[in-house]
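Each chain, written out:
2 protein chains.
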Amino acid sequence: MKAEDIEAFFKTLQDNICRAIEEEDGTGIFKEDVWEHHSGGGGRTRLIQNGSVIEKGGVNFSSVRGEVHPRLRAQMNLNDTDDFQFRATGVSLVMHPFNPHVPIVHMNVRYFELSNGTCWFGGGIDLTPHYVDEEDAKLFHKHLKTACDIHHSEFYPNFKTWADEYFYIPHRNETRGIGGIFFDYLKPDETGNGQNLSKNQLFEFVKEIGESFAPVYTSFMKRHRNETYTEEQKQWQYLRRGRYVEFNLVWDRGTKFGLETNGRTESILMSLPPQANWEYNFEPKENSPEAETLAWLRKGVEWIS
Amino acid sequence: MKAEDIEAFFKTLQDNICRAIEEEDGTGIFKEDVWEHHSGGGGRTRLIQNGSVIEKGGVNFSSVRGEVHPRLRAQMNLNDTDDFQFRATGVSLVMHPFNPHVPIVHMNVRYFELSNGTCWFGGGIDLTPHYVDEEDAKLFHKHLKTACDIHHSEFYPNFKTWADEYFYIPHRNETRGIGGIFFDYLKPDETGNGQNLSKNQLFEFVKEIGESFAPVYTSFMKRHRNETYTEEQKQWQYLRRGRYVEFNLVWDRGTKFGLETNGRTESILMSLPPQANWEYNFEPKENSPEAETLAWLRKGVEWIS
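So the sequence lines, in the order shown, correspond to chains A and B.
Heads up, the first sequence is in numbering that gives the first Met the number 0, so the first residue is 0 and it goes up one at a time.
Heads up, the second sequence is in numbering that gives the first Met the number 0, so the first residue is 0 and it goes up one at a time.
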């Protein structure tokens, strides 16, 4: 299977996800911007705003080509002289709902290929509830485990732990949300993260993850969209979104890399919420739902027993 | 002059600035948090919220001691084995006003000392108007030039250029605001940034800068506090604050260093606005005041002719 086949899948995935979100939202419609990257290739950025459920959300497809950036060269132990070309393609999305009882969600699936023949898959999904709902969290992780288990029994435990590490805000000593899965450098036919699966098998896994997103997230939209909420709960949502901004701008490798290598800023920062607030030293009342949520935001919670 | 004398000056400076802001604001009162740093020393964080002019502002004094962090060690070409102790003290402030016609402002003055005897001053002031007012911008730069010129004729031109470079958002190709001055590594009796001034002379310069802040900023508060503004202008302010967040979290060396070395998060992130918004691909109307402001946000504008 060629890069073109993977690209074609990612484009269809973007279409299907947008359609599923629009259907559940009911009124919001994605608007598309087609753009070109300075080094080759480009993308289709799709944005939904002011829907019935989604306040702001983006689903981005991109397929970019070019020379390997010096920073990545160093990271990947490539030598300095060879003219390595890369090709990177993927789908990336973030949804910020109006209702604080509907969680924020992020999903990304990607494929990377070098002119020397090396290639790998990466990706992840994580859920950031403004209020942790244990039932949702268990269902979410169970759903991810089921999708992973079809492909390799080590995937869920490994990638769940990786997500706990990755989606973590050191300066707050908080995880971004209730985690999910994160994986990178899934290379075919090698020991390591890919568990010796073939390229085709790894692609099947990535497909599974990409396609598993819409059913589970739209079920959360449906379940919580009509829950009532107070102005105080909306304020809490703005503070949690502030944390989301902090994670993405300070710690998220993808965001930092994109901004530092002259990527398309508006597509990269599509992940930022429509509004975020900061309140100095805010501490929720003891035993409040807000305090209970904070107590869940730590590494190593086993949602599946 | 000893580190204690510099610290004592910084404390008094914090007192004086807080008093001047409170006086002009009229209703807002600073609340103080005293804290200790994990490696030694601590600080006094002062926060003003929901005043008549200031929506959220912080004036932080700190004096921290400890071992030089490995990252700074590398940056300063210190060897790995010696047990270098540092002492860092300074005042840092950011003001976010309600009225979009009152500019955001940032000021920092600091002193750094190593156990091997090396010491230097650093600091800066920069103004971030939501709407660039040419008269304000000229007055601000003239005021800074006057303060600089007393100490060395090269200071204003050098430090103005440095501010243009420092307060710049590469991924937006915009400066944060209309700049000001930025300086670092002002070491006594050495050629370089300090122009051969003695430690005492450099301290006098830093005092001048610190003390010059309150008169000029309170004059902007007074001049613009009662200007009317529309809901649309307030929305623009939220977007400009979004850029402020992007600069501070992605590019500001001080913020990044603080967050990555386990500084006091709430004091470091005091600089973030109470509310910031992001709107995908927002572009102001041609020839609007918003578009005119964007046109000013570039390096190399000479405000003093």
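Derived by calculation from the structure, the hints in this document are not laboratory data.
Possibly wrong hints are sitting among the right ones.
Cross-link-like lysine-lysine pairs, in silico, DSS-like; alpha carbons within 27 Å at most [to be verified]:
| hint | chain 1 | residue 1 | chain 2 | residue 2 |
| --- | --- | --- | --- | --- |
| 1 | A | 186 | A | 10 |
| 2 | A | 30 | B | 186 |
| 3 | B | 198 | B | 186 |
| 4 | A | 255 | B | 298 |
| 5 | A | 255 | B | 255 |
| 6 | A | 233 | B | 144 |
| 7 | A | 30 | B | 284 |
| 8 | A | 137 | A | 30 |
| 9 | A | 284 | B | 10 |
| 10 | B | 298 | B | 284 |
| 11 | A | 221 | A | 30 |
The model shown is predicted, which means the values in this text are computed figures rather than measured ones.
Each hint, compared with the structure:
1. A hinted pair counts as satisfied when its Cα atoms are at most 27 Å apart, and residue 186 of chain A with residue 10 of chain A qualifies at roughly 22 Å.
2. This hinted pair does not check out: residue 30 of chain A and residue 186 of chain B have alpha carbons roughly 55 Å apart, beyond 27 Å.
3. Distance restraint check for residue 198 of chain B and residue 186 of chain B: the Cα-Cα separation of roughly 7 Å lies within the 27 Å cut-off, and the hinted pair is therefore satisfied.
4. Restraint check for residue 255 of chain A and residue 298 of chain B: satisfied, since their Cα atoms lie roughly 23 Å apart, inside the 27 Å limit.
5. A distance of roughly 12 Å separates the Cα atoms of residue 255 of chain A and residue 255 of chain B; the hinted pair therefore holds under the 27 Å criterion.
6. For the hint pairing residue 233 of chain A with residue 144 of chain B, the CA-to-CA distance comes to about 46 Å; that exceeds 27 Å, so the pair is violated.
7. For the hint pairing residue 30 of chain A with residue 284 of chain B, the CA-to-CA distance comes to about 20 Å; that is within 27 Å, so the pair holds.
8. In summary, the hint linking residue 137 of chain A to residue 30 of chain A is not supported, as the alpha carbons are separated by about 33 Å, beyond the 27 Å threshold.
9. For the proposed pair residue 284 of chain A and residue 10 of chain B, the alpha carbon gap of about 33 Å is over 27 Å, so the pair is violated.
10. Only pairs whose Cα atoms come within 27 Å are accepted, and residue 298 of chain B paired with residue 284 of chain B is accepted, the gap being roughly 23 Å.
11. Taking the CA atoms of residue 221 of chain A and residue 30 of chain A, the gap is about 22 Å. The hint holds against a cut of 27 Å.
Of the numbered hints listed earlier, those contradicted by the structure are 2, 6, 8 and 9.
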